[in-house]
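Engineer: Protein sequence lines correspond, in order, to chains A and B. In terms of UniProt numbering, the first sequence is residues 1 to 408. In terms of UniProt numbering, the second sequence is residues 1 to 408.
Some clues are possibly wrong.
Any copy will do: because identical chains look the same in the list, a pair fits if it lies in one copy or spans two.
[As the list claims (entries may be wrong)] With a Cα cut of at most 30 Å, we get these calculated DSSO-like pairs of lysine-lysine:
id : residue 1 : residue 2
1  : LYS92     : LYS257
2  : LYS404    : LYS187
3  : LYS92     : LYS404
4  : LYS275    : LYS402
5  : LYS248    : LYS275
6  : LYS346    : LYS195
7  : LYS342    : LYS195
8  : LYS237    : LYS27
9  : LYS155    : LYS237
10 : LYS41     : LYS187
11 : LYS41     : LYS92
12 : LYS372    : LYS41
13 : LYS123    : LYS402
14 : LYS123    : LYS383
15 : LYS275    : LYS155
16 : LYS187    : LYS342
17 : LYS237    : LYS404
Keep in mind the hints are simulated off the structure, nothing from the lab.
2 protein chains.
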Amino acid sequence: MTTVNKPKVVILGAGYGGLLTAVRLQKLVGVNDAEITLINKNDYHYETTWLHEASAGTLHHDRVRYNIADVINRSKVNFVQDSVEEIKADEKKVILSNGEVTYDYLVVALGGESETFGIKGLKENAFTITSVDSSRQIREHIEYQFATYSAEADKQEERLSIVVGGAGFTGIEFLGELVNRIPQLCKEYEIEQSKVNIYCVEAAPMALPGFDPGLVSYATALLEKKGVEFNIGTAIKECTPEGVLVAKGDEEPRLIKAGTVVWAAGVRGNEVIEKSGFENIRGRVTVDSHLRMPAHEDIFILGDCSAVINEENNRPFPPTAQIAMQQAVLTAKNIASLIQGKNDLKEFTFDNKGTVCSLGEHDAIGVVFGKKLTGFSASFMKKVIDNRALFMIGGIPLVLKKGKFNIF
Amino acid sequence: MTTVNKPKVVILGAGYGGLLTAVRLQKLVGVNDAEITLINKNDYHYETTWLHEASAGTLHHDRVRYNIADVINRSKVNFVQDSVEEIKADEKKVILSNGEVTYDYLVVALGGESETFGIKGLKENAFTITSVDSSRQIREHIEYQFATYSAEADKQEERLSIVVGGAGFTGIEFLGELVNRIPQLCKEYEIEQSKVNIYCVEAAPMALPGFDPGLVSYATALLEKKGVEFNIGTAIKECTPEGVLVAKGDEEPRLIKAGTVVWAAGVRGNEVIEKSGFENIRGRVTVDSHLRMPAHEDIFILGDCSAVINEENNRPFPPTAQIAMQQAVLTAKNIASLIQGKNDLKEFTFDNKGTVCSLGEHDAIGVVFGKKLTGFSASFMKKVIDNRALFMIGGIPLVLKKGKFNIF
Numbered sequence: 001m002t003t004v005n006k007p008k009v010v011i012l013g014a015g016y017g018g019l020l021t022a023v024r025l026q027k028l029v030g031v032n033d034a035e036i037t038l039i040n041k042n043d044y045h046y047e048t049t050w051l052h053e054a055s056a057g058t059l060h061h062d063r064v065r066y067n068i069a070d071v072i073n074r075s076k077v078n079f080v081q082d083s084v085e086e087i088k089a090d091e092k093k094v095i096l097s098n099g100e101v102t103y104d105y106l107v108v109a110l111g112g113e114s115e116t117f118g119i120k121g122l123k124e125n126a127f128t129i130t131s132v133d134s135s136r137q138i139r140e141h142i143e144y145q146f147a148t149y150s151a152e153a154d155k156q157e158e159r160l161s162i163v164v165g166g167a168g169f170t171g172i173e174f175l176g177e178l179v180n181r182i183p184q185l186c187k188e189y190e191i192e193q194s195k196v197n198i199y200c201v202e203a204a205p206m207a208l209p210g211f212d213p214g215l216v217s218y219a220t221a222l223l224e225k226k227g228v229e230f231n232i233g234t235a236i237k238e239c240t241p242e243g244v245l246v247a248k249g250d251e252e253p254r255l256i257k258a259g260t261v262v263w264a265a266g267v268r269g270n271e272v273i274e275k276s277g278f279e280n281i282r283g284r285v286t287v288d289s290h291l292r293m294p295a296h297e298d299i300f301i302l303g304d305c306s307a308v309i310n311e312e313n314n315r316p317f318p319p320t321a322q323i324a325m326q327q328a329v330l331t332a333k334n335i336a337s338l339i340q341g342k343n344d345l346k347e348f349t350f351d352n353k354g355t356v357c358s359l360g361e362h363d364a365i366g367v368v369f370g371k372k373l374t375g376f377s378a379s380f381m382k383k384v385i386d387n388r389a390l391f392m393i394g395g396i397p398l399v400l401k402k403g404k405f406n407i408f
Numbered sequence: 001m002t003t004v005n006k007p008k009v010v011i012l013g014a015g016y017g018g019l020l021t022a023v024r025l026q027k028l029v030g031v032n033d034a035e036i037t038l039i040n041k042n043d044y045h046y047e048t049t050w051l052h053e054a055s056a057g058t059l060h061h062d063r064v065r066y067n068i069a070d071v072i073n074r075s076k077v078n079f080v081q082d083s084v085e086e087i088k089a090d091e092k093k094v095i096l097s098n099g100e101v102t103y104d105y106l107v108v109a110l111g112g113e114s115e116t117f118g119i120k121g122l123k124e125n126a127f128t129i130t131s132v133d134s135s136r137q138i139r140e141h142i143e144y145q146f147a148t149y150s151a152e153a154d155k156q157e158e159r160l161s162i163v164v165g166g167a168g169f170t171g172i173e174f175l176g177e178l179v180n181r182i183p184q185l186c187k188e189y190e191i192e193q194s195k196v197n198i199y200c201v202e203a204a205p206m207a208l209p210g211f212d213p214g215l216v217s218y219a220t221a222l223l224e225k226k227g228v229e230f231n232i233g234t235a236i237k238e239c240t241p242e243g244v245l246v247a248k249g250d251e252e253p254r255l256i257k258a259g260t261v262v263w264a265a266g267v268r269g270n271e272v273i274e275k276s277g278f279e280n281i282r283g284r285v286t287v288d289s290h291l292r293m294p295a296h297e298d299i300f301i302l303g304d305c306s307a308v309i310n311e312e313n314n315r316p317f318p319p320t321a322q323i324a325m326q327q328a329v330l331t332a333k334n335i336a337s338l339i340q341g342k343n344d345l346k347e348f349t350f351d352n353k354g355t356v357c358s359l360g361e362h363d364a365i366g367v368v369f370g371k372k373l374t375g376f377s378a379s380f381m382k383k384v385i386d387n388r389a390l391f392m393i394g395g396i397p398l399v400l401k402k403g404k405f406n407i408f
């Protein structure tokens with residue numbers, strides 16, 4: 001037997017980065033070459049980029065997740081369901097809520113968290129689109145507000161108001177689902193749609209910063225037509241149980257009353273990064289060209305916890321599923337190379353294939369392979385991208401099981 | 001034309017009593033014999049006796065209601081959607097929220113309301129199973145509590161506790177649905193069922209007072225097996241946002257923490273009766289043998305607003321759909337007789353065909369034509385009774401559209 005001194009590879013997190021690393025690595029190495037352990041809080045993977053649909057209630061939360069057991073090869077990968085508390089890099093050890101594990105190679109792919117920038121009351125009074133649990137809570141919260149409005153004698157119209165904080169990717173995609181969901185809720189609870197108000201509050205001077213301005217206009221015009229009121233260049237100063245206090249520039253703050261506030265504006269890295277004492281900016285570690293942590297060559301950091309500098313503007317690439325998956329493909333190869341003693345590590349370069357922002361089931365905007373798209377073609381591409389993520393991790397069987405085929 | 005002096009018949013309420021009166025009357029009189037107006041708050045009738053299912057979420061609220069327009073003959077009955085404020089008997093006039101109407105014959109079938117017996121905090125903090133609106137609010141409230149429990153970091157188990165105040169008919173039937181709904185909710189929100197607590201608190205010394213004790217034991221044993229904790233002979237002293245304060249006899253009150261409190265213990269008549277200055281006991285008028293109000297022979301009172309004395313025990317019959325419908329059949333005949341100048345008014349006698357109390361979809365207890373039933377046969381009879389109510393008002397078409405055929 002040659003198994004005694006098998007190198008231990010530990011992968012933290014089964015999001016896009018971690019799960020794809022595990023799936024790729026199990027193909028690249030033999031059973032006797034390494035002991036691979038995947039650790040995740042839940043026994044399922046969820047599509048972070050689909051959570052806005054589960055939150056609006058336009059797609060059931062079971063459609064946005066699948067069992068990790070269905071895509072890993074159990075003979076090669078051990079799965080441990082546990083939460084990561086801290087990484088002790090000097091001891092090559094990870095502290096879990098219910099135990100600890102040592103490693104020779106560590107992949108940190110713990111995902112991001114919501115960044116509230118210290119805005120008062122946001123943590124207590126706003127929802128975030130960050131997990132299956134939080135998404136279905138948003139869905140149920142909105143529905144309960146509508147049911148209560150119908151039942152109460154003294155009707156409070158602000159129950160029907162929804163504030164979305166942030167007109168970035170998540171905010172816009174959530175709004176796209178919400179405007180399709182509201183007519184269904186109005187029918188279910190017999191409420192005139194004109195009584196429902198949807199506000200989007202964005203501190204930046206434009207929606208979807210960085211996106212092509214023509215496409216942004218297409219998106220905001222469509223959402224406005226469906227009832228969204230945009231407050232661009234307007235900051236949320238405070239979130240209270242009644243709603244949000246907002247102000248444009250130095251204006252006096254005004255209150256937007258709302259039964260539901262969803263904060264969709266900020267993503268940061270993971271607090272485990274900070275707890276572990278690693279050098280970081282908002283929970284993200286600036287990695288080397290092999291995606292490793294400086295001074296700890298046995299630790300690879302992927303996805304929302306890693307910052308890869310874009311040399312064009314000297315700023316980190318925004319955290320997306322696309323970059324996380326490209327990082328995972330490379331990391332699996334590099335770890336396999338280390339295990340097999342080849343040590344021919346490859347450098348990471350981000351190949352930006354484009355971005356599509358959905359605007360509900362049948363509309364979207366995007367730039368794909370440098371080409372601008374709107375409407376059907378963009379919406380079609382979005383579903384192709386969604387299905388491709390499934391294919392990368394679980395192949396055809398997973399696409400058939402969880403894929404999006406509502407093309408027309 | 002002989003229409004000038006047509007007598008005006010006004011029917012207030014489209015519950016079991018009012019709607020059946022309208023439907024029967026439209027068959028008994030010709031278009032030119034009378035002007036019949038039916039007034040109801042909603043444009044739909046709902047099955048009050050099915051609301052516990054909509055409240056638990058085991059039957060969609062659209063299944064428990066149908067459009068009034070579908071069962072009345074528009075050429076004979078005018079339908080007015082409005083709320084009744086007051087009856088001015090001396091002026092033969094009814095004040096509505098948006099107008100008024102005069103009558104020659106008035107049928108008051110406004111239905112009952114929840115009776116809270118002055119228990120502190122109940123109106124503010126407890127739900128009642130009294131309408132489509134309130135039922136779907138209960139359904140959504142419970143679901144939101146489960147969704148929130150799953151999403152919150154600091155889990156509050158009392159969110160998963162439900163207190164049902166009252167072990168009478170409504171309370172027991174609601175519990176029967178609830179114990180079937182909880183496993184579905186636990187699956188949807190990934191909650192261990194052992195964390196859910198259902199309490200039934202009843203001040204009387206037994207559940208379902210007046211029912212056969214053997215049948216009551218059957219019901220409580222079944223519900224206990226499915227997780228209900230009965231607190232019989234225990235009064236709710238106060239309802240707070242945290243739960244209910246209860247006490248057995250002179251004991252020190254103790255708090256049962258619960259995210260949801262449903263008050264299902266008391267029914268009274270309608271506040272319009274009181275506002276109109278009629279002699280009443282808790283909103284119910286003791287009617288004469290023709291179901292008329294003493295001193296106002298042009299006013300017939302049916303259903304939950306009327307008290308018909310049972311000569312066997314000198315107490316009023318409990319308000320049920322069964323008695324309301326029998327009253328409606330007689331009242332339609334009597335009014336037709338008055339209109340047609342025959343004046344051979346018939347006296348009301350209640351023909352108690354029995355009672356069935358459901359315990360979820362496939363179980364029940366009951367006494368039908370003097371025979372005790374449990375389990376499948378009782379459950380089957382309950383569906384027969386439910387379908388019969390539909391048949392009485394809307395004939396075969398309504399039974400086919402809204403009937404219950406989930407017999408196996």
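Engineer: If a hint holds in the structure, say so; if it does not, say that too.
Structural biologist: Cross-check of the supplied hints:
In this assembly of identical chains, LYS92 and LYS257 lie within 30 Å of each other by CA distance neither inside one copy nor across copies; the values are 50 Å within and 46 Å between. Taking CA atoms no more than 30 Å apart as the test, LYS404 paired with LYS187 passes in both settings, with 26 Å inside one copy and 24 Å between copies. Proximity of LYS92 to LYS404 under the C-alpha cut-off of 30 Å is found in neither arrangement, the shortest distances being 41 Å within a copy and 64 Å between copies. With identical chains, the CA atoms of LYS275 and LYS402 are never at most 30 Å apart, being 36 Å at best within one copy and 59 Å at best between copies.
Taking identical chains as interchangeable, the C-alpha atoms of LYS248 and LYS275 are never at most 30 Å apart, the minima being 36 Å within one chain and 52 Å between chains. With identical chains, the CA atoms of LYS346 and LYS195 are never at most 30 Å apart, being 57 Å at best within one copy and 51 Å at best between copies. For a Cα distance limit of 30 Å, the shortest separation of LYS342 from LYS195 qualifies neither inside one copy, at 66 Å, nor across copies, at 53 Å. In this homomeric assembly, LYS237 and LYS27 never come within 30 Å of each other (Cα to Cα): the closest approach is 50 Å inside a single copy and 66 Å across copies.
Taking CA atoms no more than 30 Å apart as the test, LYS155 paired with LYS237 passes in both settings, with 27 Å inside one copy and 29 Å between copies. With identical chains, the CA atoms of LYS41 and LYS187 are at most 30 Å apart between copies only, with a shortest distance of 18 Å across copies and 38 Å within one. Taking CA atoms no more than 30 Å apart as the test, LYS41 paired with LYS92 passes inside one copy only; the shortest distance there is 20 Å, against 71 Å between copies. For the identical chains of this complex, LYS372 and LYS41 are neighbours neither inside a copy (38 Å) nor across copies (53 Å), given an alpha-carbon limit of 30 Å.
With identical chains, the CA atoms of LYS123 and LYS402 are never at most 30 Å apart, being 32 Å at best within one copy and 46 Å at best between copies. For the identical chains of this complex, LYS123 and LYS383 are neighbours neither inside a copy (32 Å) nor across copies (49 Å), given an alpha-carbon limit of 30 Å. Taking identical chains as interchangeable, the C-alpha atoms of LYS275 and LYS155 lie at most 30 Å apart only when they sit on different chains, with a minimum of 23 Å there against 47 Å within one chain. When the C-alpha separation of LYS187 and LYS342 is checked against a cutoff of 30 Å, the pair qualifies neither within a copy, at 63 Å, nor between copies, at 48 Å.
Neither within a single protomer nor between protomers do LYS237 and LYS404 lie at most 30 Å apart by alpha-carbon distance, with minima of 38 Å and 54 Å respectively.
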